[in-house]
Amino acid sequence: IMASSYGAKEEDGHHPGSAGLGGAAIRTKKPDNTAFKQQRLPAWQPILTAGTVLPAFFIIGLIFIPIGIGLYVTSNNIKEFELDYTGTDMSSPCFNCSQSWNSTNTCKCELFFSLDQPFESNVFMYYGLSNFYQNHRRYVKSRDDSQLNGDERSLKEPSKECEPYRTNENKPIAPCGAIANSMFNDTLDLFYIDPNGKKRPISLTKKGIAWWTDKHVKFRNPGGSNSNLTTVFKDTAKPVNWHKPVYELDVDIENNGFINEDFIVWMRTAALPTFRKLYRIIQKNNDMTPTLPRGNYSLAVTYNYPVRSFEGRKRMILSTISWMGGKNPFLGIAYITVGSICFFLGVVLLFIHHKYGNRNNSSDIAS
Amino acid sequence: MTWTNPLTLLRHGWTRHWNPDRPVRTVVSNLPFEDLKKREQPNRRYEGNAIRTNKYRLWSFIPMNLFEQFHRMANIYFVGLAILNFVPVVNAFQPEVALIPICIILALTAVKDGWEDFRRYQTDQQLNNTPCFIFSRKQMCFVERRWKDVRVGDFVRVLSNEIIPADILLLHTSDPNGVCHMETANLDGETSLKQRKVVPGFSSLGEPFQPQTFDSTVVCENPNNNLNLFKGYVERPDKRRTGFGIDSLLLRGCMVRNTDDAAGIVVYAGHETKSMLNNSGPRYKRSKIERKMNTDVLFCVVLLFFMCLIGALGHAIWLETFSSMPSYIVPDSNGNYTPSVLAGFYMFFTMIILLQVMIPVSLYVSIELVKMGQIFFITQDVELYDEELDRRVQCRALNITEDLGQIQYVFSDKTGTLTENKMVFRRCSVMGTEYCHEENVVVPDRKLILEVDRQMASIQTGPYLDFFLALAICNTVLVSSVTAQRQRVRVNVADLAGAERVGDVLRALTHSTKTRGGETLADPFSIDEDESDGFHSSDVSDAAGQKVISSERKVKSGLSGSEEVCYEAHSPDEAALIHAAKAYGFTMMERTPHYVTVKLPDEALLKFEVLDILTFDSTRRRMSIIVRHPHTKEIIMYTKGADSAIMERLGNVFSVKSEAKQTAVKTQRDLDMYARNGLRTLCFAKKVISEQEFRAWSAVRQEALSAIEEKEERLMETANFIESSFTLLGATGIEDRLQESVPETIQALRRAGMQVWVLTGDKPETAINIAYSCKLLEHEDLVFTFISVILQSLCKMRLEDTLGELRRSMLPPGADHQFRGYSSAFTGPLMEPSIGLVIDGPTLSMAMSDELVEQFVELCKHCRAVLCCRVTPLQKSAVVKLIRQKLRVMTLAVGDGANDVNMIQAADVGIGVSGQEGMQAVMASDFAITRFKHLQRLLLVHGHWCYSRLANMVIYFFYKNVAYVNLLFWYQFFCGFSATAMIDYWLMIFFNLFFTSAPPIMFGIMEKEVSDSTLLSLPELYKRGQHSEGYRRSTFWIAILDAFYQSLVCFFIPYWTYNGSDIGIFAFGTPMNTVSLFTIILHLAIEIKSWTAVHWVIMIGSVLVYFIVTLAYSAICISCNPPSDPYWIMHKQMADPMFYLVCILTTVVALLPRTFFTEILLLWSEKERSANGSKLYTG
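As they're listed, the protein sequences go chains A and B. Going by UniProt numbering, the first residue of the first sequence is number 1, and it counts up by one from there. Going by UniProt numbering, the first residue of the second sequence is number 1, and it counts up by one from there.
Careful: at least some of the hints might be erroneous.
Cut-off 27 Å, straight-line C-alpha distance, at most; resulting in silico cross-link-like pairs (BS3-like, lysine-lysine) [claimed, not checked]:
{"id": "1", "chain 1": "B", "residue 1": "Lys1167", "chain 2": "A", "residue 2": "Lys355"}
{"id": "2", "chain 1": "B", "residue 1": "Lys881", "chain 2": "B", "residue 2": "Lys1023"}
{"id": "3", "chain 1": "B", "residue 1": "Lys1167", "chain 2": "A", "residue 2": "Lys37"}
{"id": "4", "chain 1": "B", "residue 1": "Lys1132", "chain 2": "A", "residue 2": "Lys284"}
{"id": "5", "chain 1": "A", "residue 1": "Lys37", "chain 2": "B", "residue 2": "Lys881"}
{"id": "6", "chain 1": "A", "residue 1": "Lys327", "chain 2": "B", "residue 2": "Lys1132"}
{"id": "7", "chain 1": "B", "residue 1": "Lys796", "chain 2": "B", "residue 2": "Lys711"}
{"id": "8", "chain 1": "A", "residue 1": "Lys37", "chain 2": "B", "residue 2": "Lys1132"}
{"id": "9", "chain 1": "A", "residue 1": "Lys277", "chain 2": "B", "residue 2": "Lys1132"}
{"id": "10", "chain 1": "B", "residue 1": "Lys1132", "chain 2": "A", "residue 2": "Lys207"}
{"id": "11", "chain 1": "B", "residue 1": "Lys1089", "chain 2": "A", "residue 2": "Lys355"}
{"id": "12", "chain 1": "A", "residue 1": "Lys207", "chain 2": "A", "residue 2": "Lys108"}
{"id": "13", "chain 1": "B", "residue 1": "Lys37", "chain 2": "A", "residue 2": "Lys30"}
{"id": "14", "chain 1": "A", "residue 1": "Lys29", "chain 2": "B", "residue 2": "Lys1008"}
{"id": "15", "chain 1": "B", "residue 1": "Lys1089", "chain 2": "A", "residue 2": "Lys37"}
{"id": "16", "chain 1": "B", "residue 1": "Lys1167", "chain 2": "A", "residue 2": "Lys29"}
{"id": "17", "chain 1": "B", "residue 1": "Lys1132", "chain 2": "A", "residue 2": "Lys79"}
{"id": "18", "chain 1": "A", "residue 1": "Lys160", "chain 2": "A", "residue 2": "Lys207"}
{"id": "19", "chain 1": "A", "residue 1": "Lys30", "chain 2": "B", "residue 2": "Lys1008"}
{"id": "20", "chain 1": "B", "residue 1": "Lys1132", "chain 2": "A", "residue 2": "Lys206"}
{"id": "21", "chain 1": "A", "residue 1": "Lys244", "chain 2": "A", "residue 2": "Lys234"}
To give an idea of the chain A side of the interface with chain B (calculated C-beta under 8 Å), a few residues [unchecked claim]:
{"id": "22", "residue": "Asn328"}
{"id": "23", "residue": "Pro329"}
{"id": "24", "residue": "His353"}
So, partial list: chain A residues that the calculated Cβ filter (under 7 Å) puts toward chain B [unchecked claim]:
{"id": "25", "residue": "Gly61"}
{"id": "26", "residue": "Arg138"}
{"id": "27", "residue": "Arg313"}
{"id": "28", "residue": "Ser322"}
{"id": "29", "residue": "Met324"}
{"id": "30", "residue": "Leu350"}
{"id": "31", "residue": "Phe351"}
{"id": "32", "residue": "Ile352"}
{"id": "33", "residue": "His354"}
I should point out that these hints are in silico values taken from the structure, not numbers from a laboratory. The beta-carbon is built from N, C-alpha and C at its ideal position, and this holds for glycine as well.
Please model the complete structure; the sequences and the hints are all you need to start from.
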C-alpha cells in the first residue's frame, strides 16, 4: 500500500486516506493504552534507605527483647525433674536389670529421688529415650495405617511396608511393623515417701496422653467399638518383641487394642533421636496442696526395654507445663539475642548513615 | 516448537534419499489417466495437496508426545529419579508418589501440545476442505472439488480474489496479455502485486482453456523453499522446449488479483509447495544467560553429588557405630541386615532422590513462562507501535529477550534503516546540465520543461526525451487501475462485521477512493496553479510553455475521470523516478509483458513493444529494458544503474574531445556532488541495437533461459554482453531523508556503551555524509579512512601506522577497558579522543584476510564508530561474524532489506525494520520494528528490564531450591543419614509447584528495577547488562551461600526449640516448611523494587494458598499418605503459640544478613554517587 499511494503529501504527515478509513471502520493493532499493558500500574517503591530500614531494625529490637524476656521467665517458672534410670552405672539400682536382660523374665528395680520444690498444677510424666532413631526412614515407614484404622482386610493382610514384622508363623502380626514391635514397655510407678517413710502410690492417669484426633479418628479397633477384642484379634500374632498381645494392653475396653494411648503415643514417631514421650498425667488435687509436694519419692521400674545395643539412655521426666509447653530456655535467649543484634545493627547503620549523610550534605553544599 | 515430527523427518529423509538420481521433477497431465488406479498414475510419487501440520494422530498422541518430551534432558532426569524410586533398596518415597511431579509436568505439557496440535488440525481441515476448481475429463469442464483432492498434474482454475491451492504453472489467464496478478501478502507480507506470465504456446489468448489437449511434459526442479527461484521447461511431444521461471508460477497461499480467472497445471502440491517449505516454526536461539545458567546447573549437580556423598558416607559410618543392631534398624524381609558399606552405597541413590530439587528442573519451565510474559509486554508497548503502518513490534524469536539487554556492538544498515527509504527526486543531470528540484518532486524545473518541450515540438526525439522515457519505462513498476484498487478495498470491507456499520463502510469506501484519486492528482497541480501565474506573467510564456500547461490540465481532467493510474513499485527508488517522469508529462499508462505504453506531454500515446527485460541484480548493479520504438521501429535499450556500473561501459568516451566525453565528465562531476550531499545516484543510458545484432543475441538469450544448469551464470553473461557501449543520457539524485530521531538514538546507544557500525552498499561520499548527519561521526572525531587501498601490503602498512598512532595517543587498551567498565559515565567521553573508521568493501576484504585480521580487529576495538561502505551482503555478515567471534561480544544487526538478511542471521540478535523494501529482513529477524528510533526503547528499556528481570529470577530460583533442599539435608545429620524427609511429600511437591512458583514468575515478568524514563534519560545504566553484572558467577555463589545460611537458620532454630521435646517428625517439619515459605517469599520481597497490586495479590495469595491447602490437606488426609499422615498436624501446630514465635524469629534471623548488607551496599553506593556527583559538579 505504501508504494502504491506514494505521494509527496505524505511527507507532511498528512494521510487523509488511511486516517479516515482506519478511524472509522478498521480496528487497528494499536496496543491498549492501559496501565497494566503499558507497565504503568501504580507502584509502591519501598526504597531501602536508611530512613525506612533503620526504624525497622530498632522496632524489631524493641519488640524482640521483651518477648525474649517473657519467654525466658516463663520457661524458668516451669518445674522439671529428670531421672536417668538406664543403669549403666554400677551404683545404679537398675544395673543388674540392664545387664541381664532377656525377654522372658521381668526385672524390677527401684530408684529414689527427692524434689526440692513443690510441683503445682498438673504434672506431666514422660519417659525419655536418647540415641533412639525413631526417625530412621525404614523404621518410620514400617507400619500399616489402615490396619491401625481398623481395616479388617489390612488386619489379615498387612501392608508390605511392615516387612519383616508382617507375619509370624503364617499369622499376620497385629499391629505389624517395626515401630509397633519396638514399643516402649517399661512400666513406671511413682511413690511418695512421706516423712514417716511410708510409701504412698501416686495415682497416674493414663488417659488423655494421646492426641484426641489420634485416639478417636486415626486409630480404631477392628470390628467396631463394642465387639470382643479377643475374638477380633483371634487369627493374628502378637509382635515378636511383645510380652502380651495387643488386646491385653489394658483391661479398660476404651484403652485397649489399637486405641491404647501408650501405643498411640509410641506410634507418633519422634522427630529427633533424643526425645521424650508423655507417659502419665498426675492430676492436680482439688485441695490447696501441691500436686507433688517437696519431699522424697521412689520410682519403681519394671525394666523390660533394652537400650544397651545403641548406647541409649532412659529417663523419667516430671514436668509442669505452661502455655509455651515444656521447659525450654532456648527460645527466650534467642529472642533476646536477636533483638539485641538488631538493635546493635541499627546503631551501626545509624552511625554509617550519619557519617555519609553528613558528607553527602556537605558535597551538595560545596557544589 | 523446534521439534519436528520424527515420522516427517523419516519421510523427508527417505524421499531425499530416493531422489538423487532424479534431480528434476517431470509432471504430465493427469487427464488421460483419470479413472485409472493409483498404481498407474504417472504422478503418483508426488505428494497430494492435503496438508497435515499436526504432529499427532489420536492413537499415537500419547506415545509420540511422550517420546517428544523425553528429548528434554530435564524430563529424563525426572524419569530416572522416578525409576530409581521403584528400586526397593534405594527408594526414598512411596514409588507411586515419586511419579507425581514428572506426571504433572508431562501431563501439563501434553495438554498444551495436544491443544496446539488440535488447533493446527482444525485449520488444516479447514484448508483441506476449501473448494477449488479442477478440470475433469469426464465432464469436460472445471468441477468444484476440495483442496485436498488436488494432485500434481491436475489442471486447476483460480478465480479473482481466490487463494491459490497449490503451486501452479500458469498456462492460461483471462487477461488478453496473458498475465495474472498475484498478491503475496500471505506469504511474505508484501502487499504490492506481482505479475505472472503465461507459459507461451498452450492457450491462445482470448480463447477458453482446453486442458485435454495438453500433451507436453513439464520438467522442473525438485521442490525447494526458494520463493524467488524456479526454473524448468515444457517439452512438447516434438521435443520442442519452452523455458519458464518463477514468473510463471502461482504460489500456494497467494491471492489472484485483477484477473478474472487463471488456470494451469499443478507442479507442487501440499507439503512440497514453496510456501509450505518456507513455513518453518519460530527460531530457536539460546541466550547468553541460558548458556551461563547451564554451567551453574552443573555446579548444582556437583553440589548435589557431594551432598549425596556425605549422606552415603555418613550412613555407612553411622551403621558401623553399633555393636549389635538396635530395634529401630529394620532388617530386610528375610531378617538380614545389609552390610554397612552396601547400605551406604544404596543411600547415595536414595539421597539423590531425596535432594533432587537441588537441580532446578522447574527453572526451565519457569523461564519459558517468563519469556512469554516479557514478550507480551514488549509487543504491547504503545511507544513501539507505528501508527502509520499500524504495526506493533514483533517478537519472532521467543527466547532471547534478555539478550536485548546485553548488546555491545550494533551493526546497522543505512538505507531504510537509518533513513526513511522514501525517495524524493531532488536533482537530475541531463546531457551534462544540472537541474535542481525542490523537496517536492512534482514541481518540475522550468528550464528543463522548456528543454523537453523544444525537443518535443521539433524533432520528437533527443536525449531529453530519451532521458524521461528511460525514467518512465526502465523499471518493473506495475500499473493498476482504479477498479483494481476498489476490489482490494472491498476485501477489507468483507472483514468487517456488523450491519450497522454499513453506512460507515460505504462512507469510508467512497472517501478512500476519492482521496486516493485526489491525492495523486492534487500533487502536481495544486501548487502548479500558482506556478502557472508565474509563467504567464514572465516573458517565457511562449507557445511551448502554454502547451505544457494546457496539456497537463487535460491530464488533470483525464485523471479525475476513470483512467487514473496507480503504480505498484517494488522499490521506492523506482516509485520516485516514475513519479518524477510523470511530473514532466511522461506517464506510464500500462505495462504488460509485451508492451509498455507511455503518454507523452503532448497527450500522444507511445506503445513500445518490449523485447526483453534484463532485471536488476546486485552483481551487475543495473537493469535494462529493450524495446522497439513504435514510430522509428528502432530497437532501443534503456539502462539504469549505479554510476560505476554504467560509466565504465560507455561507448565513444575514448576519443579525446568528443561531446560524449564532455557529457560524461560533467555528469560524473554532478554525480560526485550528489554523493557529497547524501543523495542516491543513478545513471541512465541508452543504446540503439541493430536488428541483426539483436536477433543473434536473442537466440543465445533464449537458450540461456531454458537452461536448467548454470542458468544464472549464462543469463548474466548474455546480459553483460549486450549491456555495453552505452550513450549516457544523464543521472538522477534521489534524496533519502533520515528517519526521525536517528541522531538521538545513535547517541543514546553510544552513551549506553554500544559501538555502532554502519554497513552500507552506498558510495563512500554518500555514506560519510549520512554518517555525519546522523551523528555517527562528529566533526571533532579523529577519522581514519581506508578507501580504495589497492594493495594488501599497503593496507597492512596503513593498519600498522594507524595502530601505532593510536597506541601513542591513548592509554593501553587493557587499562582503558577496566576504566571504561567502572566509571565511564562521567569521565569516559571526556578523556579519550573518539575515533572513527571509514572503510570500503574491497579494502575491508583485504583487512579481513587472515594475516591482517588481528590488526584490523585491534583497530576496531579502539573505534567508537565504524562506517563500511560499498559492502556486499556477504561482507556484512562476515564483518558481524568476525567481531562476534574475535571479540566475544554480543552483537545486534539491524536492517530492512533483503541484502541485510545475512547480517541479521549472523548476529546474536537480528532486528528487522519493516519498511519499504518488503519483508525479507523481517522474516529473518528475531525482532521486527518499524522505525530505527524504536531501537532505543527496545534496547535501553525492554532489554534492560528483560535482562535484569531474568537474571534476578534465575538467581532467585537457584537460591530457592538450594535453601529448601538443604533443610532436608541438615535433617540427615539427625536421622542417621537415612534419607528421612520431615516434610510430607505432597507438601514438598506443592511447595515448589504452587506455593512458591508464582512470585518468581511474576517477578521475572513485571519487576521494574528502574523506571523507563530513568533508563531512557540515563543510557549509561545499560552497561550493567553489557558487563553481565546482573548475573555473574559471584552473584550465583553469593545466592548459594545465602541459601545455605538461611537453610541453616530455618533448620536449627526449630531444632533447638524442639530438641528433647515430644514432637513428632512431621509436626517438627511443619514449622520448618512454613518458615521456609516465609523466608523465600520475603527474600523475594526484599528484591522487588516496585510493588503493584499484582505483586501484592500474588505474594499474599501464595501465603494464603499455602495455609489453606495445608490446613485442608491435614484435615482430610487420615491415612492417605503413609508414613506422614498429616492428619490434624497443621491444626495442632497452629493452635500452639510456640509455632508463631518460632516462625517470626526464624524468618527475621534468616533475612537479617541480606537486609543488612543490602542496606550497607545502598549506603555505599549513595556515597559513591554523591562523590561522583560532586566531582561532576565541581569538575
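Here is how each hint holds up against the structure:
no. : hint                   : result
1   : B:Lys1167 <-> A:Lys355 : holds, 10 Å
2   : B:Lys881 <-> B:Lys1023 : holds, 22 Å
3   : B:Lys1167 <-> A:Lys37  : violated, 36 Å
4   : B:Lys1132 <-> A:Lys284 : holds, 24 Å
5   : A:Lys37 <-> B:Lys881   : violated, 37 Å
6   : A:Lys327 <-> B:Lys1132 : holds, 19 Å
7   : B:Lys796 <-> B:Lys711  : violated, 39 Å
8   : A:Lys37 <-> B:Lys1132  : violated, 45 Å
9   : A:Lys277 <-> B:Lys1132 : holds, 17 Å
10  : B:Lys1132 <-> A:Lys207 : holds, 19 Å
11  : B:Lys1089 <-> A:Lys355 : holds, 26 Å
12  : A:Lys207 <-> A:Lys108  : holds, 24 Å
13  : B:Lys37 <-> A:Lys30    : violated, 55 Å
14  : A:Lys29 <-> B:Lys1008  : holds, 26 Å
15  : B:Lys1089 <-> A:Lys37  : holds, 19 Å
16  : B:Lys1167 <-> A:Lys29  : violated, 47 Å
17  : B:Lys1132 <-> A:Lys79  : holds, 24 Å
18  : A:Lys160 <-> A:Lys207  : violated, 32 Å
19  : A:Lys30 <-> B:Lys1008  : holds, 23 Å
20  : B:Lys1132 <-> A:Lys206 : holds, 21 Å
21  : A:Lys244 <-> A:Lys234  : holds, 13 Å
22  : Asn328                 : holds, 6 Å
23  : Pro329                 : violated, 10 Å
24  : His353                 : holds, 6 Å
25  : Gly61                  : violated, 10 Å
26  : Arg138                 : holds, 4 Å
27  : Arg313                 : violated, 12 Å
28  : Ser322                 : violated, 10 Å
29  : Met324                 : holds, 5 Å
30  : Leu350                 : violated, 11 Å
31  : Phe351                 : violated, 11 Å
32  : Ile352                 : holds, 6 Å
33  : His354                 : violated, 10 Å
Hints 3, 5, 7, 8, 13, 16, 18, 23, 25, 27, 28, 30, 31 and 33 from the list above are not met by this structure, while the remaining hints are.
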